[in-house]
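Chains as they are written, first to last, in UniProt numbering: chain A, 1 to 366; chain B, 1 to 277; chain C, 1 to 230; chain D, 1 to 418; chain E, 1 to 533.
If you are wondering where the hints come from, they were derived from the structure by calculation, not from laboratory data.
Hints should not be assumed to be uniformly reliable.
Here are the in silico distance ranges between beta carbons for each label pair [said to hold, decoys possible]:
no. : chain 1 : residue 1 : chain 2 : residue 2 : range
1   : B       : THR92     : C       : GLY179    : 24 to 32 Å
2   : B       : GLN119    : C       : ASP64     : 53 to 61 Å
3   : A       : HIS123    : B       : GLN119    : 39 to 47 Å
4   : C       : ASP64     : A       : SER243    : 40 to 48 Å
5   : A       : TRP13     : B       : ALA139    : 25 to 33 Å
6   : B       : ARG174    : E       : ARG520    : 22 to 30 Å
7   : A       : PHE128    : D       : SER295    : 56 to 64 Å
8   : C       : GLY27     : E       : ALA304    : 53 to 61 Å
9   : B       : GLU272    : C       : ARG176    : 20 to 28 Å
10  : B       : ARG174    : A       : ARG152    : 29 to 37 Å
11  : B       : PHE49     : C       : GLY27     : 51 to 59 Å
12  : B       : PHE46     : C       : ALA106    : 30 to 38 Å
All residues carry an ideal CB built from backbone N, CA and C; glycine is no exception.
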Amino acid sequence: MTTTYRYFSKSVWLAMGLLAIGLLVVLPILHLGVDKHSSLYVSSYAITLIGKIMCYAILALAMDLVWGYAGILSLGHGVFFALGGYAFGMYLMRGIGADGVYHANVPDFMVFLDWKTLPWFWHGTEHFAYSLLLVVLVPGLLALMFGFFAFRSRIKGVYLSIITQALTFAAMLLFFRNETGFGGNNGFTDFKRVLGYSITAPETRVAIYMLTGLVLLGALLLGRYIVTSKYGRVLAAIRDAESRVMFCGYNPVSYKLFIWTLSAVLSGIAGALYVPQVGIINPSEMSPANSIEIAIWTAVGGRATLIGPILGAVLVNAAKSYLTVSFPDYWLFFLGALFIVVTLYLPHGLMGLLSALRRKITGGWK
Amino acid sequence: MNTPVTENNETQDGGALTGLAHFVQPGELDASHGPVLYLDDITVSFDGFRALNQLSLTIDNGELRCIIGPNGAGKTTMMDVITGKTRADSGTAFFGQTLDLTKMNEAKIVQSGIGRKFQKPTVFEQHSVFENLELAMQADRSVWATLFARLDSESRDRIADTLKLIRLQDSADRPAGLLSHGQKQWLEIGMLLIQRPKLLLLDEPVAGMTDEETDRTAELFLSLAGKHSLMVVEHDMAFVAQIAKKVTVLHEGSVLAEGSLDQVQNNKRVIEVYLGR
Amino acid sequence: MFKVEQINQYYGGSHILRDVGFTLESGRVTCLLGRNGVGKTTLLKCLMGLLPARSGQIQFDGRDITRLPPHARAQLGIGYVPQGREIFPRLTVAENLQMGLAGLPAREKLPPLIFELFPVLKDMLHRRGGDLSGGQQQQLSIGRALAMRPKLLILDEPTEGIQPSIIKDIERAIRRLSGEGEMAILLVEQYYDFARDLADQYLVMVRGEIIKRGEGRSMDADDVRSYLSI
Amino acid sequence: MDNQRRKFLGTMGAITAGTLLAGNRFAFAADKSPIKVGVLHSLSGTMAISESALKDVALMTFEQINASGGVMGRMIEPVVVDPASNWPLFAEKARQLLTKDKVAVVFGCWTSVSRKSVLPVFEELNGLLFYPVQYEGEELSQNVFYTGAAPNQQAIPAVEYLMSKDGGGAKRFFLLGTDYVYPRTTNKILRAFLKSKGVKEADIVEVYTPFGHSDYQTIVANIKKFAGGGKTTVISTINGDSNVPFYKELGNQGLKATDVPVMAFSVAEQELAGMDAKPLVGHLAAWNYFESVKSPVNIAFVKMWKDYVKKKGLKDFPVTDDPMEATYVGIHMWKQAVEKAHSDAVDKVRIAMAGQTFKAPSGFTLEMDKTNHHLHKPVMIGEIRADGQFNVVWKTPTTIRAQPWSPYIAGNEGKQKL
Amino acid sequence: MTRSAIYLCCIVLALLSLPARAALDAGQLSKLAADDNDAKVAVVKYLASHPSPEAEAVLTAMDNDALYQNQGRLLIVRGDQAIDAATLQALGPVPDSAESIIVNNRLRGAVQGALSAFKLFSSDLATRLKAARDVKQDPRPEQLPLIQQALAKETNAEIHQDLLLAQASIQISSSNEAERLAAVKILGATNNPEVRTKLADMLIQNNGQYNEASPVVRAAAQQALKSIDLRISLARAAASLFSGLSLGSVLLLAALGLAITYGVMGVINMAHGELLMVGAYATYFVQGWFKTHLPQHFDWYVLAALPIAFLAAAGVGMVMERLVIRRLYGRPLETLLATWGISLILIQLARVSFGAQNVDVANPSWLSGGIEIIQDVVLPWNRIIILGFSMAVLVFMSFLLSRTRLGLFMRAVTQNRAMAGALGVPTGTVDTLAFGLGAGIAGLGGVALSQISNVGPDMGQGYIVDSFMVVVLGGVGQIAGTVYAALGLGIVNKLLESWSGAVIAKIVVLVFIILFIQKRPQGLFALKGRSVD
């Protein structure tokens with residue numbers, strides 16, 4: 001692999017622009033403005049599927065920032081994603097109001113538990129702005145605390161990966177408990193409305209979908225800004241030669257902490273966008289297996305490329321959607337083989353493959 | 001060293017007022033009086049093995065000092081102690097008269113003005129030569145500052161000057177990983193210089209260089225002496241002879257001999273260690 | 001019986017070994033002299049296969065071994081006493097010696113010669129290698145190499161950091177081994193007197209090149225010492 | 001790809017059939033295209049253990065129906081998807097089945113959370129889901145038919161049995177479950193019910209374990225301790241894999257069914273086939289069907305499943321159980337409803353479903369309630385036999401109407417209808 | 001139990017000594033065929049009061065689900081032959097229309113009570129002892145006359161003591177104060193929790209009235225309670241320590257293989273759990289083979305499974321090492337992802353070849369049941385043996401590591417790979433074998449897990465996080481650390497569980513590990529020295 005990628009070439013910008021227009025303008029129009037029986041009609045299935053995959057893409061991008069650029073492999077990013085989802089899910093739950101099956105003032109699952117009033121951490125969640133704040137703050141603070149201790153103790157590499165796994169596993173067990181106050185295994189479902197609009201209305205769906213697309217685009221641009229800034233170069237330097245960076249006078253702890261926290265916040269936002277689109281958030285999002293899968297999307301696409309992880313998230317999830325229908329008994333074989341093949345033969349992922357091909361065609365790099 | 005007693009007392013507690021002439025900011029180098037580096041009675045052991053054994057050494061402001069010694073004499077460990085990578089079991093280490101190195105972390109030590117080149121050249125291989133220098137350049141090291149940092153023309157000029165100095169102008173945009181071994185050594189030296197350190201620690205700077213590169217390095221070091229203090233660890237005696245005014249021989253973790261190259265070469269104990277035994 | 005031709009080795013961009021070539025004979029001690037950093041250890045690593053040579057050829061008993069992995073070379077009978085001893089610190093002395101038998105069939109036992117040469121090892125069989133003094137480790141390292149009954153013994157600075165009495169032991173051992181005439185010995189040294197006393201032939205290395213070679217007795221006359229002193 | 005081909009074949013089939021039947025006097029005969037139905041059960045992940053047998057029993061039933069002429073002469077074409085025990089994926093797959101594959105009906109789900117996940121999708125797109133597993137109730141949807149038991153068709157009769165003389169006259173109740181909604185709700189209902197029967201608060205204990213819990217040493221010891229205080233019974237809503245370590249621990253710590261019987265709501269023949277039943281003899285389960293029921297319908301049903309498993313070389317256990325029966329019944333009732341409505345349109349089928357009856361393997365004729373989308377089912381208590389089957393030791397004389405909204409939960413009065 | 005029933009029993013007992021007995025009353029027996037459980041219980045009581053070979057045969061048949069009815073006639077089925085229950089005459093093959101008589105728990109309790117009372121008169125000492133134990137543990141008032149009868153005849157001191165306790169357990173509810181006092185005085189030696197409850201009940205005040213009116217009896221009850229409580233609490237403490245150790249031994253078995261592959265070789269093997277699974281399925285396979293080929297030696301299948309499971313898992317591990325892991329040495333994070341892929345494939349492979357459901361792995365008889373340290377505090381055999389087994393595996397592993405040539409090579413390679421190579425060790429082969437050893441030990445762990453937990457495609461997933469925690473906590477490369485970490489975590493987990501419940505215990509343990517590693521990144525047993533990073 002050569003040096004830092006050029007972010008990005010003109011043709012990439014063009015392709016990205018076209019794709020963004022296609023996804024953010026054309027598809028919504030085809031969904032809302034075209035007759036259901038027309039061959040041009042884009043179904044709600046496609047919209048929610050693409051919307052969901054875009055959330056995963058944001059998550060993969062967040063993973064890429066820490067793994068690709070800072071060399072920190074997190075096997076617990078699911079916890080940040082889920083916390084963001086839960087924070088926004090609380091707002092959506094409150095939005096159900098008394099339309100739940102018990103017509104109670106508290107969410108239905110609290111009725112099961114005989115809770116008459118909301119626990120303290122639910123206060124204020126009926127406000128949209130406050131829940132948005134939680135979406136950012138909760139994953140951010142958890143990441144900040146965890147990162148502070150971990151990076152200060154100079155835990156890195158595999159050790160860090162394993163304790164992030166323990167973190168998400170512990171969080172999953174905690175949220176599975178019904179007494180924790182987040183609906184236990186069932187989590188949050190049956191949302192009715194967001195900001196007063198019905199959540200199943202096509203317009204609302206498209207709005208959330210477009211918002212997701214914009215956030216993805218924004219995250220990509222933010223990521224590009226960060227990795228091309230001096231900060232990004234310091235970060236990559238930490239990844240490649242941490243002690244040299246220290247002897248250049250930088251304190252790696254705060255550098256790692258910043259990108260780690262930012263990545264957690266991005267994951268949280270992805271989670272918040274994910275929940276209204278898939279209609280459920282439950283603790284299994286925090287299972288270690290889910291978090292490992294995020295790393296796989298990133299690896300498949302190509303680390304430290306920004307575009308790669310997005311590509312990886314899209315491809316793996318699209319393949320999953322396709323294979324679970326066409327080869328339900330065998331898709332795990334595909335997925336498993338993909339992990340192995342990518343790590344063995346494509347250490348730089350699809351982006352690495354692409355640039356190798358381009359080099360082959362144009363003869364030599366650059 | 002002939003520093004006045006009163007001042008020495010002041011420095012013991014981190015130093016607020018040194019002498020009457022000027023006020024010293026805590027955390028800043030004050031080498032206005034005497035040695036820039038002061039090691040006293042440093043001992044470091046690993047698993048019972050004493051890598052440094054009551055080592056005492058001072059380096060004066062602007063001095064170019066060569067350190068020689070057989071393998072395992074403790075040269076690298078000494079540098080580790082100075083740069084905060086290894087903590088001494090006992091002993092004192094001061095940078096200037098106010099900065100207690102044993103109480104500072106690596107980044108702080110570097111920021112206060114000590115630069116180090118490793119035995120094995122370590123540059124950021126994925127970054128271009130230019131970026132390597134940019135990262136090493138003295139600047140605000142906080143996260144926010146780097147996030148919004150823009151290269152001003154003065155900095156560009158400094159990088160350009162340094163590139164010239166280390167003769168890598170033509171490779172500015174190449175990834176450092178593609179440089180030759182000698183070029184990497186040069187780049188690393190450049191990365192030290194651009195930090196404008198008071199004291200440079202150079203571990204085998206000419207290892208793997210061609211004769212021509214070695215000569216040029218010697219020239220460079222001689223030109224740096226005076227403005228900076230240099231501590232050079234080297235085995236290449238021809239190179240040492242080219243640059244050395246004062247040579248320190250380390251052996252089994254402590255100073256065996258110190259003096260001009262001639263003095264050292266004729267020192268009986270040195271001969272014994274190197275040849276006799 | 002051991003022939004090295006035109007070995008080249010690079011590290012990063014720099015040329016570490018430049019067309020190195022020499023031959024070794026059974027029953028003779030060859031001393032390779034040179035200061036730190038001239039490429040002596042790199043050369044030995046090439047001979048052992050720990051660092052594959054970039055170009056050139058290595059022959060052992062008429063067989064080309066340039067591409068063999070280290071363990072295959074060891075099994076052919078090349079014993080290696082590396083710089084810094086490289087004792088397995090958490091294995092006992094006995095186990096360290098057993099490791100010398102690694103390339104031989106499982107039934108082989110330690111040759112008693114080891115304990116004749118270094119009786120101190122016999123008393124320390126159950127101590128951990130890492131707990132030994134430097135000199136003891138050096139004897140252990142040589143003993144370990146002898147366990148494999150080598151036809152070629154390579155020693156990398158066996159006197160480095162060792163107290164004089166043990167250096168005497170090592171010197172005696174090397175003399176005896178070469179005297180038996182079944183073994184070629186390549187001794188890498190910086191310690192001139194020691195090398196001079198043992199050498200049947202010598203090689204001087206500077207900057208990756210062998211710049212001088214000759215018979216051991218002519219070392220003084222050839223002013224080899226000047227290449228080592230500071 | 002595959003779908004394309006299927007579609008093509010389907011169209012070809014329809015054209016051929018149409019040509020053959022030209023001139024047929026039945027007006028609807030023109031439509032002989034296959035009816036697509038969805039099967040939404042996890043084939044991988046943690047729930048595959050339970051759900052994969054339901055997929056196979058569904059496919060078997062479709063084959064049976066197709067062999068006997070299909071639904072109104074139309075063949076059933078199953079679309080099987082794998083939601084991989086991943087709840088958001090359930091919602092995605094449901095949407096795909098309804099919008100892309102345009103299936104007429106979906107048979108699927110096992111866990112409550114998977115049902116909750118797909119429910120908004122079915123309601124939004126007006127799909128039809130048949131849910132075959134006993135569950136906690138507290139739900140009613142236009143778009144779902146519940147062919148498993150509501151709490152009053154399983155849990156409450158079971159406890160009544162335990163309190164009866166035959167059941168051992170239990171005085172103390174150890175409610176043990178996996179920590180999720182079904183056990184929580186069930187135990188809540190049971191607690192209220194027990195209180196109404198005069199059981200003291202101190203004689204009820206609720207204990208929950210995490211998913212996949214595998215170390216029941218402490219809990220079994222606590223059960224023993226608790227049992228010292230009088231005739232005790234354990235009501236287990238332990239789910240899935242945890243049952244094996246629980247029962248093994250029970251057997252090895254010498255807790256016998258004659259002393260402290262365990263009544264399970266999630267252990268059926270399929271689960272027992274995966275463990276050694278000998279130490280479990282006498283422990284109980286409450287269901288609406290057992291394989292050991294000796295009705296002619298059941299004998300045929302069991303034989304059909306065994307033959308099917310053999311014929312297809314399936315890895316499933318050749319035993320039947322309650323959720324499998326519920327799947328089988330659900331599919332047949334849907335077929336009857338489609339035929340009654342002369343249409344597979346959801347709204348028409350929904351109306352036709354009301355009051356549908358079917359002679360089920362349980363030996364009873366089950367009826368789909370006219371208003372609440374739940375089946376009227378018999379309740380049976382079985383005791384585990386050494387061969388992994390159940391002795392039916394008690395059953396209701398007639399079927400019981402479901403009360404999805406438990407009267408033992410406050411605020412549920414007058415909610416039993418849609 | 002009414003007084004008249006006791007009289008009836010006494011009369012019946014008097015009849016016991018009559019030499020000749022008529023066959024059982026067919027009329028009585030036929031009630032067993034009816035659906036009325038009360039009537040059935042009455043029949044069992046009738047049988048209990050008519051000890052005879054026929055009665056015993058019928059009761060035994062009921063206990064074994066071997067009693068059938070055919071058109072109102074009761075049959076005992078042995079194999080495919082039927083015997084008339086009332087007369088024990090052979091009737092030839094079982095008719096097709098025969099239906100099993102369903103024995104529910106209530107009946108089974110009565111049947112077993114009656115049977116153990118019968119056995120009190122067995123001439124075989126062991127049978128009598130066991131019967132006396134059963135009676136002591138579960139005394140039923142209707143057994144009292146038989147117990148007293150047996151007491152009068154019993155010569156064995158141990159049995160006598162058991163019977164006295166059983167008698168006292170029944171008589172504690174007697175209306176006769178003297179009987180009660182005598183009973184309470186003896187009962188200090190019982191461990192029966194129900195008796196304990198009854199004793200405690202005596203001391204409870206109800207509306208100012210003690211449940212037990214006599215202050216003498218109350219004092220005795222107080223005394224008895226004290227000694228029971230002391231003993232029970234000691235036993236319980238021992239049992240909970242044991243359960244902690246047992247959980248620890250399971251963790252240890254799950255983690256030991258990882259201690260080699262991760263701890264020693266530095267390979268992050270996320271498919272480790274699946275190697276446990278391979279071992280467990282191998283056990284299942286061997287069990288199946290024994291069932292069909294060696295049914296008479298079925299109990300020993302677990303022993304036969306040990307080498308098979310070891311080899312199967314080691315084989316899978318070596319293939320993994322050769323095909324994948326070998327190419328990824330020095331790239332731990334990539335290894336992690338690739339082995340995760342392998343784990344997915346292995347899971348699905350198991351699912352495709354054995355089905356998605358759990359498979360049935362039975363405990364052989366010597367792994368069933370347990371040692372009862374006092375009544376209701378049982379240390380199960382399977383756990384005791386697994387505890388011992390984990391220690392045996394540990395010994396086996398340390399033997400392999402410290403006494404064999406391969407072990408020597410492995411240790412040398414991990415300490416200094418280059419030097420080991422230069423001494424003639426084929427390091428690549430040693431890597432493969434070492435990985436195979438780690439995998440094989442995981443396979444042995446799988447055999448043990450199959451005896452206490454479920455065997456299914458997903459079983460390995462439940463252990464992977466725990467195993468990593470154990471190895472990391474113990475310190476990488478430290479087998480001793482792994483042992484302490486596993487046992488320590490087991491005990492802490494169990495202590496917490498009894499205090500806060502299983503879910504919280506697990507969370508607290510995980511959080512504790514996260515915090516601990518921040519404090520001591522090298523684990524419990526850190527390697528000190530220059531080469532820390």
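Consistency of the hints with the structure:
{"no.": "1", "hint": "B:THR92 - C:GLY179: 24 to 32 Å", "in the structure": "violated, 54 Å"}
{"no.": "2", "hint": "B:GLN119 - C:ASP64: 53 to 61 Å", "in the structure": "violated, 35 Å"}
{"no.": "3", "hint": "A:HIS123 - B:GLN119: 39 to 47 Å", "in the structure": "violated, 60 Å"}
{"no.": "4", "hint": "C:ASP64 - A:SER243: 40 to 48 Å", "in the structure": "holds, 42 Å"}
{"no.": "5", "hint": "A:TRP13 - B:ALA139: 25 to 33 Å", "in the structure": "holds, 30 Å"}
{"no.": "6", "hint": "B:ARG174 - E:ARG520: 22 to 30 Å", "in the structure": "violated, 43 Å"}
{"no.": "7", "hint": "A:PHE128 - D:SER295: 56 to 64 Å", "in the structure": "holds, 58 Å"}
{"no.": "8", "hint": "C:GLY27 - E:ALA304: 53 to 61 Å", "in the structure": "holds, 59 Å"}
{"no.": "9", "hint": "B:GLU272 - C:ARG176: 20 to 28 Å", "in the structure": "holds, 27 Å"}
{"no.": "10", "hint": "B:ARG174 - A:ARG152: 29 to 37 Å", "in the structure": "holds, 36 Å"}
{"no.": "11", "hint": "B:PHE49 - C:GLY27: 51 to 59 Å", "in the structure": "violated, 38 Å"}
{"no.": "12", "hint": "B:PHE46 - C:ALA106: 30 to 38 Å", "in the structure": "holds, 36 Å"}
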